[in-house]
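Visitor: Start from the sequences and build out the full structure, keeping to the hints where you can.
Residue numbers (this note's numbering), protein chains in the order written: chain A, 1 to 305; chain B, 1 to 305; chain C, 1 to 305; chain D, 1 to 305.
I should point out that these hints are in silico values taken from the structure, not numbers from a laboratory. Be careful, since some hints might not be right.
Heads up, the list lumps identical chains together, so a pair's fine if it works in one copy or across two of them.
When the alpha-carbon atoms are kept at most 25 Å apart in a straight line, the in silico DMTMM-like pairs for lysine to aspartate or glutamate are as follows [unchecked claim]:
hint	residue 1	residue 2
1	Lys20	Asp160
2	Lys98	Glu245
3	Lys179	Asp148
4	Lys20	Glu72
5	Lys20	Glu65
6	Lys221	Glu170
7	Lys305	Glu181
8	Lys235	Asp99
9	Lys221	Glu181
10	Lys20	Asp36
11	Lys221	Asp172
12	Lys186	Glu65
13	Lys235	Asp39
14	Lys235	Glu170
15	Lys98	Asp36
16	Lys221	Glu162
17	Lys142	Asp160
18	Lys235	Glu181
19	Lys98	Asp39
20	Lys221	Glu245
21	Lys171	Asp39
In this text the structure is predicted, and so the values were computed from the model without any measurement.
4 protein chains.
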Amino acid sequence: MSNTFGKFFRVTTFGESHGKAMGCVVDGCPAGLALDPLDFGADMARRRPGQGKFSSPRKEMDEVEILSGVFEGVALGTPIALLVHNHDQKPQDYAALKDIFRPGHADFTHQAKYGIRDHRGGGRASGRETVARVAAGVIAKKILTQLDVSVSTHVYPPLDEEMLQHIVNEKDSLGSSVKCEIIGLKAGIGQPVFGKLSADLMGAIASIGGVRGVEISQGIKAATMRGSHHNPIDKGVLGGISDGEIITLQAHFKPPSSIGIGGRHDAIIAPRAAVVVEAMAALVVVDHIFASFSDTMDGVVRSYK
Amino acid sequence: MSNTFGKFFRVTTFGESHGKAMGCVVDGCPAGLALDPLDFGADMARRRPGQGKFSSPRKEMDEVEILSGVFEGVALGTPIALLVHNHDQKPQDYAALKDIFRPGHADFTHQAKYGIRDHRGGGRASGRETVARVAAGVIAKKILTQLDVSVSTHVYPPLDEEMLQHIVNEKDSLGSSVKCEIIGLKAGIGQPVFGKLSADLMGAIASIGGVRGVEISQGIKAATMRGSHHNPIDKGVLGGISDGEIITLQAHFKPPSSIGIGGRHDAIIAPRAAVVVEAMAALVVVDHIFASFSDTMDGVVRSYK
Amino acid sequence: MSNTFGKFFRVTTFGESHGKAMGCVVDGCPAGLALDPLDFGADMARRRPGQGKFSSPRKEMDEVEILSGVFEGVALGTPIALLVHNHDQKPQDYAALKDIFRPGHADFTHQAKYGIRDHRGGGRASGRETVARVAAGVIAKKILTQLDVSVSTHVYPPLDEEMLQHIVNEKDSLGSSVKCEIIGLKAGIGQPVFGKLSADLMGAIASIGGVRGVEISQGIKAATMRGSHHNPIDKGVLGGISDGEIITLQAHFKPPSSIGIGGRHDAIIAPRAAVVVEAMAALVVVDHIFASFSDTMDGVVRSYK
Amino acid sequence: MSNTFGKFFRVTTFGESHGKAMGCVVDGCPAGLALDPLDFGADMARRRPGQGKFSSPRKEMDEVEILSGVFEGVALGTPIALLVHNHDQKPQDYAALKDIFRPGHADFTHQAKYGIRDHRGGGRASGRETVARVAAGVIAKKILTQLDVSVSTHVYPPLDEEMLQHIVNEKDSLGSSVKCEIIGLKAGIGQPVFGKLSADLMGAIASIGGVRGVEISQGIKAATMRGSHHNPIDKGVLGGISDGEIITLQAHFKPPSSIGIGGRHDAIIAPRAAVVVEAMAALVVVDHIFASFSDTMDGVVRSYK
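Guide: Structure representation (structure tokens):
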């Protein structure tokens, strides 16, 4: 029952991979933000399958329709409902899977939880669920742009295409990682003790399917470092609050579970997931910025006037 | 402003390291749970400083006082307020720090955020804040015991005492790690897509001071594995929902920031933080179990009757 | 930014009166509940304009489309997105209103808040917003039916048709009231101290446009009664918790603001709002029932097993 | 499990009437607000029993102790824990009540819900619970003062002392009402559609023990008015958003349930509840003001810089 993300900038997502549509409702987008359906194109393309040789051949245009909250190209301050139709439903591909649980998939756990599942595909557990995250992330990034904050991601370490082709040939899959950088965020953003900026970023990224590890700043390496070496290079978030420096995170993905079988599947997660990591990081940062406006009495007086 | 953790089993903490007291309010503890001030002793002792040779010599008994919510040894269903007094306040140790920002500490970021800070110590950023987490964790673990679920932690990899002594002698500090195991949780617990059990566990553990990396199941290693190898050993949480197997997590801590100076400080975080990781994991699991009671119509009818 | 209602059974609504569509996402509907688009027909018809002689002639079929969360007629446990298209958009009716604030309407306050508004109509402040509430309420009532709890409403006191016709003739409008009864709810439902069942019911009903007063049990009359008379008849909710008796509420609506002008408007609110009151009450009751499953340790053990 | 109020300015209360202490944790108080234990004296005195001839003779000084969140008289931005000890516990007065349910009290419903209760008094259902609300309200009102917003209440209609004495003599009790005025709030505050300022005020006031009806603006009277008369006088909140005019509310209380018996009880609720209504209204207004800071992109940019 946890399909809403955020407290001040709230995103509620919906949609099964083989249902009619995916979508989300963004509640808390400030009025006055310019917003156009075309804004979503670039990020949706980055997430889209079928673009690289190691990605699922499932092809969807993934055009984002704005159902509400925008009037004459400008956000009204009311909830923005975004819809992406599922054009490429081929349930017959999955008919054979009705009565079996695919190893490593969420089929079994969904069935255990709900006593029912949409066997046509992963349902909500499908990577397609991230369409809605990416759409919401576009809005978050547009807000951040106006505050001179940027969030960017890339596959890291870079892929060895030769090895990857080898793995595809063997119908196997491979783990992967994404690095995320948040640049330009001013010092003072974060909500200790349970809403530390670091923790919320890590938790948000960990909510992306397939993540098995998340690091911030020096990451796991810090566990074997000495303070004298670590102190000077531990930047970005201190005590859960931004320090004005670049914030660096890394997300580690498992190899996709679908191997050795037909269907439309990726051999590796990171290339398409990078934009999803970016979206989640942007959602967290916007939420935390909005939360910070009542940090001080001076700030409250200034914001209210 | 984020000092409340959880949605169904809610913990609100308070207290600065050099103020009068630390404490928490636990809202949502089921009525009928037996609860005694002595229940807290063992875990508070595990968290207490001054017990090992690499820990801060600050000594506090950390007795937990129950202010409300318990009547004749039994939880009433009303909020349980727990109080731990700060007996060992020695602000004079910190007087010199009034106008300087300690490197690697949250002094600077707190000042940047609030324009004010309790310079007597870390305030809310102090490790002492975790007293309240541990106290709440005791209640969560008592509930889990009745459901035959256990949460345990240990320092891993184990410490090399010789090297650690060497580091203490040099007034330096060292990074460290804690492993956590959740045993006995039935399949079907977790709240996709933003409240995945894995993500909430990782985010909760990441909210502990000094955490720079969190892993679940095969962790970061998964990022370099092939699906054919990873699938069979990826257990505990699938699609954000428990599968009935043991859940394994690992938290990685930076080396403590306080080095080369006087005062009462730890040379390493993990030994005292293990019980905090345990507490946070227990809080998450209880919260998720309670959330699961309305997963199915059958469950709703059974629970309501 | 508060377009989500509920904590355990969560409804997020969206849509402006003259935009593409109204809708909602219901998060937390138990898996296994049977659900069909036809289930919504009766209640949507009760809310629909143009059915009585004192209602707005705006006619819309208000068919509810299920976009997600239901598979082969059964709820999956995933978010249920419901969509109702706005077919009858006639913005030209409102063109004259672009630069004026209609007296008694939310035009001015929306403009003051957001610096922008959808001048084509009330936007989110329009009564059409309640389409989504009613749709969500249908699901809540289906759940309650399985628990033998019913929620019903009617206009009370009843309307004097002759007087009402007189008011319509004068292009004026009239205030009105709706009575709500919740029958069959067992004792023990409610979440003191801030989530009392009475308070949440009253607050939820007060969130319907045009409500200026809400009463429970003996209501305002209680303020002039003596305890010896009031005690025996004060039933339904005591201390914020249900007592197993019938719960009675009354909502009081202002006269519609649109008077003396053209356009499509109601002369009275209650006849169409009754089903909205019913929906809000049902949402609250379901939310509170789900919250009650972890009230006692015995209940927790029983629900978990 | 709902002992936390507010989303941005959050108050968590605890304490049973005959336990050790009452208290609350205020999370989200802006840093820099001056705060002293003496600030609470006046409002605690207004709430205190034993001050008038129609009030319970239970006497407590109700001194508020600040446990955390304030350093050298200034709020740190961290959670502020407030404690009020229960000095005047006389459980023997209530011993006879162990096995009986007092008519009109919450004894029965608490027992039905939790299977256990603190029979020494009302526990959380006691009017003493409001001590914590009043304490938190003091902080909220100090914030509002800096924004030139005031919240005030008085008993209305005024009491007829002669009749009241007559009722006390007969060991009976009487219903009563409190009027609340919010003055100086600028236009644009409120969070449609589920967090309308009107609805949140009404719901918050309805959460005070004994409330059976709540009105805003013209209140119930509006239900019998014509639009032509009502429109011009319907001020304060339109469409759930403040319009810059005075906001008027009225709360209607039942007669106290305790009649015809010994013990320490009030014959009427309003005189002591007025300050509680004031507190709840102030909490809502502060919460809504903080929520409004991200209403517009211009506001976001201004607040962030």
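Visitor: If a hint holds in the structure, say so; if it doesn't, say that too.
Guide: Hint check results:
For the homomeric pair lysine 20 and aspartate 160, neither the shortest alpha-carbon distance inside one copy (37 Å) nor that between copies (47 Å) is at most 25 Å. Proximity of lysine 98 and glutamate 245 under a CA criterion of 25 Å is satisfied inter-copy only: 24 Å between copies versus 50 Å inside one chain copy. Proximity of lysine 179 to aspartate 148 under the C-alpha cut-off of 25 Å is restricted to the intra-copy arrangement: shortest distance 20 Å within a copy versus 39 Å between copies. In this assembly of identical chains, lysine 20 and glutamate 72 lie within 25 Å of each other by CA distance solely across copies; the values are 13 Å between and 27 Å within a copy.
Both within a single protomer and between protomers do lysine 20 and glutamate 65 lie at most 25 Å apart by alpha-carbon distance, with minima of 14 Å and 10 Å respectively. Taking identical chains as interchangeable, the C-alpha atoms of lysine 221 and glutamate 170 lie at most 25 Å apart only when they sit on different chains, with a minimum of 21 Å there against 33 Å within one chain. For a Cα distance limit of 25 Å, the shortest separation of lysine 305 from glutamate 181 across copies, 21 Å, qualifies, whereas the shortest one inside one copy, 34 Å, does not. Proximity of lysine 235 to aspartate 99 under the C-alpha cut-off of 25 Å is restricted to the inter-copy arrangement: shortest distance 21 Å between copies versus 50 Å within a copy.
Proximity of lysine 221 and glutamate 181 under a CA criterion of 25 Å is satisfied in both settings, with 18 Å inside one chain copy and 22 Å between copies. For the identical chains of this complex, lysine 20 and aspartate 36 are neighbours both inside a copy (23 Å) and across copies (15 Å), given an alpha-carbon limit of 25 Å. Taking the shortest alpha-carbon separations for lysine 221 and aspartate 172, only the inter-copy value of 17 Å comes in at or below 25 Å, while the best intra-copy value is 29 Å. Taking CA atoms no more than 25 Å apart as the test, lysine 186 paired with glutamate 65 passes in neither setting, with 33 Å inside one copy and 36 Å between copies.
For the homomeric pair lysine 235 and aspartate 39, neither the shortest alpha-carbon distance inside one copy (32 Å) nor that between copies (39 Å) is at most 25 Å. In this assembly of identical chains, the alpha carbons of lysine 235 and glutamate 170 lie at most 25 Å apart only when taken from different copies (24 Å versus 42 Å within one copy). Only between protomers do lysine 98 and aspartate 36 lie at most 25 Å apart by alpha-carbon distance; the minimum there is 22 Å, versus 40 Å within a single protomer. In the homo-oligomer, the alpha carbons of lysine 221 and glutamate 162 lie at most 25 Å apart only across protomers (21 Å), although the nearest pairing inside one protomer, at 28 Å, exceeds that limit.
For a Cα distance limit of 25 Å, the shortest separation of lysine 142 from aspartate 160 qualifies neither inside one copy, at 33 Å, nor across copies, at 49 Å. For a Cα distance limit of 25 Å, the shortest separation of lysine 235 from glutamate 181 inside one copy, 12 Å, qualifies, whereas the shortest one across copies, 30 Å, does not. With identical chains, the CA atoms of lysine 98 and aspartate 39 are never at most 25 Å apart, being 38 Å at best within one copy and 28 Å at best between copies. Proximity of lysine 221 to glutamate 245 under the C-alpha cut-off of 25 Å is restricted to the intra-copy arrangement: shortest distance 19 Å within a copy versus 29 Å between copies.
Taking the shortest Cα distances, lysine 171 and aspartate 39 never come within 25 Å of each other, neither inside one copy (36 Å) nor across copies (46 Å).
Violated hints, listed in ascending order, are 1, 12, 13, 17, 19 and 21; each of the other numbered hints is respected by the structure.
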